[in-house]
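Trainee: Chain by chain, the residues run as shown.
2 protein chains.
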Amino acid sequence: MILSALLTSVGINLGLCFLFFTLYSILRKQAGNVFVYVPRLVDKQKSEEQSDGLNLGRLLPSDGWVRSAWQLSEEDLLSISGLDALVFMRVFIFSLKVFTFAGIIGIFVLIPVNYLGNQLSIDDFYDLPNKSLDSFSISNVNDGSNWLWIHFSAAYIFTGVVCYLLYCEYSYISSKRIACFYSSKPQPHQFTILVRDIPSSSGRSFSEKVESFFTEYHPSTYLSHSVIHQTSKIRGLINDADKLYRKLARIKSENHSKQKFKRDGFLGLFGRKVNILDHYEKKLEDLEENVRMEQYSLASEEVPAAFVSFKSRFGTAVVLHIQQGVNPTEWVTEQAPETQDVHWPFFSASFIRRWIYKLVAVVAVIALTIMFLIPVVIVQGLANLNQLEIWFPFLKGILSLTVVSQLITGYLPSLILQFFLFFVPPMMILFSSMQGYVSHSQIEKSACTKVLYFTIWNIFFANVLSGSVFYQVNVFLEPKNIPKVLAQAVPSQASFFISYVVTSGWTSLSSELFRLIPLLCRFIRKLCARRNGNKFEVPAIPYYSEIPTVLFFGLLGVTYFFLAPLILPFLLIYFCLGYIIFRNQFLNVYAPKYETSGKFWPMVHNSTIFSLILMHVIAIGIFGLKKLPLGSSLTIPLPVLTLLFNQYCRKRFLPMFKAYPTECLIKKDKEDQNEPSMAEFYDKLVTAYRDPALMPVQYARNVDRHNSPLLHSEV
Amino acid sequence: MILSALLTSVGINLGLCFLFFTLYSILRKQAGNVFVYVPRLVDKQKSEEQSDGLNLGRLLPSDGWVRSAWQLSEEDLLSISGLDALVFMRVFIFSLKVFTFAGIIGIFVLIPVNYLGNQLSIDDFYDLPNKSLDSFSISNVNDGSNWLWIHFSAAYIFTGVVCYLLYCEYSYISSKRIACFYSSKPQPHQFTILVRDIPSSSGRSFSEKVESFFTEYHPSTYLSHSVIHQTSKIRGLINDADKLYRKLARIKSENHSKQKFKRDGFLGLFGRKVNILDHYEKKLEDLEENVRMEQYSLASEEVPAAFVSFKSRFGTAVVLHIQQGVNPTEWVTEQAPETQDVHWPFFSASFIRRWIYKLVAVVAVIALTIMFLIPVVIVQGLANLNQLEIWFPFLKGILSLTVVSQLITGYLPSLILQFFLFFVPPMMILFSSMQGYVSHSQIEKSACTKVLYFTIWNIFFANVLSGSVFYQVNVFLEPKNIPKVLAQAVPSQASFFISYVVTSGWTSLSSELFRLIPLLCRFIRKLCARRNGNKFEVPAIPYYSEIPTVLFFGLLGVTYFFLAPLILPFLLIYFCLGYIIFRNQFLNVYAPKYETSGKFWPMVHNSTIFSLILMHVIAIGIFGLKKLPLGSSLTIPLPVLTLLFNQYCRKRFLPMFKAYPTECLIKKDKEDQNEPSMAEFYDKLVTAYRDPALMPVQYARNVDRHNSPLLHSEV
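Here the protein sequences line up with chains B and X, keeping their order. The first sequence begins at 1 in UniProt numbering and counts up one residue at a time. The second sequence begins at 1 in UniProt numbering and counts up one residue at a time.
Don't take every hint at face value.
One copy or two, either will do: identical chains are not told apart, so a pair holds if it fits within one copy or between any two.
Computed list of lysine-lysine pairs in DSS-like fashion (alpha-carbon distance at most 27 Å, straight line) [as the list claims (entries may be wrong)]: (1) K658 x K358; (2) K484 x K233; (3) K209 x K651; (4) K627 x K396; (5) K593 x K670; (6) K176 x K209; (7) K282 x K233; (8) K233 x K243; (9) K651 x K445; (10) K185 x K658; (11) K668 x K311; (12) K684 x K209; (13) K651 x K599; (14) K209 x K670; (15) K593 x K282; (16) K176 x K396; (17) K667 x K311; (18) K670 x K311; (19) K282 x K480; (20) K668 x K209; (21) K667 x K209.
Since the hints were derived computationally from the structure, they do not count as laboratory data.
Same shape as in the complex, but just chain B:
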């Protein structure tokens, strides 16, 4: 790729960006789009804009939303979207800091040094536009040149600065985590644990066992428990009832609107409809009865797992952190998820079974990650021009057009890749839910790591180590050769990744900005759901696909920092845009579905450390290839020091992301003692963790109130 081509690409993409910004600014003001652009506001106010008249101001773009997103303070963001959103924004701030520093060094020191070299003296010095991008990378510095020591120093300085920023950020976020805990109201999950693998004994139910165990060993703190039941059958019945209920509500709603015109008309006039209604109502009642019967009979089908609640946070922590039974695979405790975050299936699995599921999931993820590109390449091979002509003979005329054939040859392979990639996050979610996690947040966090591994392998390594899968895997089985192989391969792929950041990065942000593809689908779905009497839902940010994408761009920037500094300005623009867009769209679009209190941060920290080490390994190889063996040897301490820094951070900060310390727990408990509302809270706590499938169902009475949200369960 030459410089002029890159600049053209940048121009086109910046133009598109600007266009999207303008369109966004106009479209978001249209009344019909509120569900797409400000769903949170809709949810909050429970009122929809009614005026449909034409208004000139609504057709002019405005920058008010950018300003309001920029001016949003951290406290506001925290109160609006919780700590997870704040941490997500801190990832952008951290990246901006890193790439501002890197960009300054890269543009003003490294690019001139690279450009002045003449290792790749393939083109004229003054013919800047036709210069290959490689001229700006380290490949252009002469072998054995002393200028390489500038790169060497840059690697050390950059690592130092990134580690310093990581430390500050880790420290800041962990202090925020504690502060949020201090300011939090009593919440059921703070007082509850999940106990699994309750040992079975003949003649006693699991409920009795739990009761006797905790009253014996934790008499002063134990409050209550609710044993989990096998409810997959009931859940099926309730699903059926739900569908029928929606159908019924829709019919009634249509009925009702017709009645408006005939206020005093009576139901008998709509004979056929009423018959159908009667029929459906009867069916619904039968289903309801079935559900009640099943609920009654299932009460005995207990699963050896229970939510156990305690009177204090510290009492909960005591049970959580100390092994309970003599056998460590019995009475296994873990922190209960937030009530709305519980993932109800998979509770029945025993210790051994969960362990096997986990192994299977790990194997599946590794297989998917390594083998992913094989079917993609096969399908790409099948979907060439000749094959298409054979399959769809009627397209022959169109396919023979030069523009169409170029489009197909150029874009079809990447379209197929994108199509396959589209299925990866849902598959990772599936694998994670197989692992036996009990909450959506854990599943998404685990899927997030998986998607990240997947992206690093299939986008980074598969592109860098172009060749067969077995060759790629082989490289990692010979650790001694890794620096050399990477040093040969990585810089030559620099121009690919620069164009990748420019096109794919900005486009992905723009599509988020425009909210066309993902949200319009949701929009249509929501509208349908509303028609069916369903409750309107504000979308939650899909961390499991967003965080890996953002981190991958960080990985590229850190790895290429001194290899190809040209990548840095584009990353700066990417993170700057991302910062504004995600701040807006926390404000107006996304609502938190759960709160992990910043547990995503350690993942960000680890992947940054990974990128640094990757950079160091490549640096060791590059200085060797560039005939600077001293530089190569002197770089070896750098990854060691970075790993030690990481180890220190694990000791210093990580425990705070796993559990809260005694000091915090007891302070909060003491505060609560003086709260008069605690008695009421305890009352609520007793029923907080009941399986929704076991709650009483009441459809029949609800049917007439078709405007009310669908609550198939009422406490």
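Dock chain X against chain B, hints included.
Mentor: Just chain X now, kept in the frame of chain B:
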């Protein structure tokens, strides 16, 4: 090595063994040797055999001690020497089970199969005595022969049996561990934790901080605390005083024995002696005064660490398992060691400093392990015949004798190696104590692992991968080639290891049996100490050097199980002898210095798993070399399954070796509530963890009672 040579070696060693047994049986009955052969009895009865007359029975060997050692039940062993000794014996029982099974398969199945092959058709089939040992190893089976499937099945069956035995043993020992805890009396360390890195604040002493922290956060369970002081200076003074006191006691003792002859003689007669006595007594008083002054002034020099005691075991566990302060590097808690097990130095080091010490120790151990053979080889190179003749010209005549020169060429190199090896365990102890452990047991446990790593590297790998250190390290940097390299190298070294087991294994046991080298030294030291008025001490078993030796022989057996089954009968004899010898001499010689309640077992488990994996890796390589690629591929699941089994054991049993569960702790606590002696125990607990250096000193009054044990500290 040929068979006849091996049999000769076996004959000589068995003969030596028998001789040692006989000598032992005679020598142990001589009155003068009681300190060497039955020190425990001496310590127990506090009486020495007085009769010195000749007795024919005492000169005849008897097997009573073997019978009593054999008949000793596990309960007796447990009550006499504690759980650690029992676990050590279980290692022998486990090894005996493994090698009985392996021996039967090896001798009756594998050796015939190997012998019938003719891959190494170098010598006559019927000339058994001159057969190379390699004819009994897998090397002799023909390439691609179907007989190799017998070896393949043997590897699977053996792995299955070893894993089953490991599981049973782990289960048995963990149940014993719980049983011992249930039957234990209240002990200070069960109620105490060590808190380190107490945050400093101006104006308040560490003692005040500890008091206020624990009364605030653990008011119902907190009992007392004792802050640790910087006492290295006092310890130096006390050492000086100790020496002086011993000197004085000796002089007085000599004085006293002379007085016996002159009962009414008065001290004035020994003018010179009395003057010296006066001088020394004055000096001792001064020293004592100095110690008191230092103790008084040092009371303010607190270290940010304290032993904190609680009223219940469960209360202690709560503080131990839950992070206390907001900062995880402050208020760091760990289980307190037994009172007699505390290692007082190194308490002052901060979190960061301990961490750095630990890193330094790890680096030092790795360097020592990898580089150890370099100086050895250099010294061995220097100490050859010619060099000796140059250095010691007067030896020229003796050195020219064939016998002497053969002896020097044959034995000097291994003597030098043994000499260097002699320093390894003490060095590992030094490194471990640098790591900041607070108890002797932790230091020894850590040194034990280090010695094991060292032995595996320097005896096993250095012999198998003969070549430069860098070549050896290199092999492990290319994991893909490990199976091949090991498969080529290991079987060819089989005869070396068989002779190693025969000579070194039995000799090391015989020397233990004869107790000549290590114990005679101690005996002399003890006698000297007694003369100086020192207390007689029963030796404690040095686990840190015994366990690695035993495990190393296990490693050899498991690794060579199907490669060279000839090793198995010799290992059987080794473990059988070891079993009898260690059971005796627990009975009569060693006294437990501390009790880790079997915490050594997981190490045994892990090293057995390591040996199995090593065997599998070599098997994969061997089947490849033997042109049985299918066998090679089908062996791959074996190490994976073994690692999964290990992972399962880690989940199922390891937690029980780290801490006791709630169920046990609360049961014991409830039992204690009804004990009337608990009030007295709590009183003792308050002062249980006081630094001996800070206890009041009273030499002056003790001097006259020179027969009493030296107690420089009296509570």
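Trainee: Would you mind marking each hint as holding or not holding in the structure?
Mentor: Hints, one by one, checked against the model:
no.: 1; hint: K658 x K358; result: both (21 Å within a copy, 24 Å between copies)
no.: 2; hint: K484 x K233; result: neither (58 Å within a copy, 55 Å between copies)
no.: 3; hint: K209 x K651; result: between (38 Å within a copy, 23 Å between copies)
no.: 4; hint: K627 x K396; result: neither (55 Å within a copy, 55 Å between copies)
no.: 5; hint: K593 x K670; result: neither (29 Å within a copy, 45 Å between copies)
no.: 6; hint: K176 x K209; result: between (40 Å within a copy, 26 Å between copies)
no.: 7; hint: K282 x K233; result: within (21 Å within a copy, 92 Å between copies)
no.: 8; hint: K233 x K243; result: within (16 Å within a copy, 83 Å between copies)
no.: 9; hint: K651 x K445; result: both (21 Å within a copy, 23 Å between copies)
no.: 10; hint: K185 x K658; result: within (20 Å within a copy, 36 Å between copies)
no.: 11; hint: K668 x K311; result: both (12 Å within a copy, 25 Å between copies)
no.: 12; hint: K684 x K209; result: within (23 Å within a copy, 39 Å between copies)
no.: 13; hint: K651 x K599; result: both (16 Å within a copy, 25 Å between copies)
no.: 14; hint: K209 x K670; result: between (31 Å within a copy, 20 Å between copies)
no.: 15; hint: K593 x K282; result: neither (36 Å within a copy, 81 Å between copies)
no.: 16; hint: K176 x K396; result: neither (63 Å within a copy, 81 Å between copies)
no.: 17; hint: K667 x K311; result: both (14 Å within a copy, 22 Å between copies)
no.: 18; hint: K670 x K311; result: both (12 Å within a copy, 22 Å between copies)
no.: 19; hint: K282 x K480; result: neither (73 Å within a copy, 69 Å between copies)
no.: 20; hint: K668 x K209; result: between (31 Å within a copy, 21 Å between copies)
no.: 21; hint: K667 x K209; result: between (32 Å within a copy, 17 Å between copies)
Consistency note: the structure conflicts with the earlier hints numbered 2, 4, 5, 15, 16, 19.
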